[in-house]
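Hey, can you work out the whole structure from these sequences and the hints?
Chains A and B, in that order, are what the protein sequence lines are.
Residue 136 in our numbering sits at position 136 of the first sequence; the count goes up by one each step and never skips.
Residue 1128 in our numbering sits at position 128 of the second sequence; the count goes up by one each step and never skips.
It is worth saying that the hints were derived from the structure and are not from the lab.
Careful, some of the hints might be misleading.
Dumping the calculated DSBU-like pairs for lysine-lysine here, alpha-carbon to alpha-carbon at most 30 angstroms [as the list claims (entries may be wrong)]:
| hint | chain 1 | residue 1 | chain 2 | residue 2 |
| --- | --- | --- | --- | --- |
| 1 | B | Lys1036 | A | Lys168 |
| 2 | B | Lys1036 | B | Lys1175 |
| 3 | A | Lys136 | B | Lys1175 |
| 4 | A | Lys178 | A | Lys129 |
| 5 | B | Lys1072 | B | Lys1013 |
| 6 | B | Lys1165 | B | Lys1036 |
To spell it out: a stretch of chain A is covered by chain B in this simulated footprint if at least three of its residues, at any positions, have a beta carbon under 8 angstroms from a beta carbon of chain B; those stretches are [claimed, not checked]:
| hint | stretch |
| --- | --- |
| 7 | 86-94 |
| 8 | 116-129 |
Glycine included, C-beta positions come from ideal geometry on N, C-alpha and C.
Residues per chain are reported as follows:
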Amino acid sequence: MARILDVGCGPNKYPGSIGLDMNPATAADVLCHLDRGGLPFRDNSFDHLRAEHVIEHVADIMATMEEFHRVTRPGGTIFLATPHYTDYSSFRDPTHRWHLNTYSFIYFYPGGMHGRDMWYTKVRMREAKLYVSLLKLWHALGFEFLVNHSRMFRQFWEHYLSFVIRGKLIEFTFEVIK
Amino acid sequence: MARILDIGCGRKKFPGSVGIDLSSAGQADVLCDWTKTLPFRDSSFDQVRLVHIIEEVDDIFRVLREVHRVAKPGARVTIMTPHYTDHASYCSPAHRWHLSSFSLWFFSDQPGEYDYYAPANFRERRVRVELLRIWRALGFQFFVNRYRWYRRFWEYYLCFVIRGKTVEWELEVIK
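Here you go:
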């Protein structure tokens, strides 16, 4: 059976997972604060790690991603969901420290920035899947389909359009490389 | 006489208020690091003002909990901060947070759900968004502030073009 860790699980823990949260009034199995030390698990303990609407709150994204990478087995997957920085929800919560876009995690990709590995971290993962959702109106007009259709469209949208045709949610799936 | 507290008062302290600040360069009456605790007794102020300061503190909810403690029941709290689409939000490297007119929605919607994050209880009495002059002249500011629904539509779809300037809240302290 797949071992799944749901980080910042809140009241609706992912079915079959171990839930981790800092708030005792949630469905958490493990209480832990991401900004105060590492995750209380051994290396390579999980096949899948999920953190929905978590990464925009943490004090140090690099350190947190390194911990996510450490506890996930090689070839395992990490799923992140976070608001696109052009969505109103990115600015609605006074505990959101970071405003992110679909390129915010290229530091971790092999050959991440302009074909070169980044030096901020040694952690490596591959982008296995990425989906951006847009607001209802833009979805209805077919823009969401286009933005997700190819990398080139997404790049054009991020560079030129995203302050008008605004994003909503980004869902990343990374494959852990060790 | 109403007791007024001006937090982070700087050089333009609100007339008749007690000013508190980190820096002695302004008109502060009390100098201390007020971002952790406020050096006042419970329920000692009728009005608290935080003008262009919450975007700089490390923990907004911690400050609001302290404000709640030192304010009398029914006291009014005025908060002003740049809207995240205004250039002023990015002008100072001390700005940690970029906020919208729904950033304090914890105090207006679904009471209880976010108690863990915002245990202090306030009621949102008024929210007002100010836009840049050109948009004000064209009547957009009137519409944005007319109904909550219009403001929501503006925040979702329009505010990167018809950009905001300042957000002002008036909260009532519930004890």
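Checked against the structure, which of the hints given earlier come out wrong?
-> 1, 3, 8
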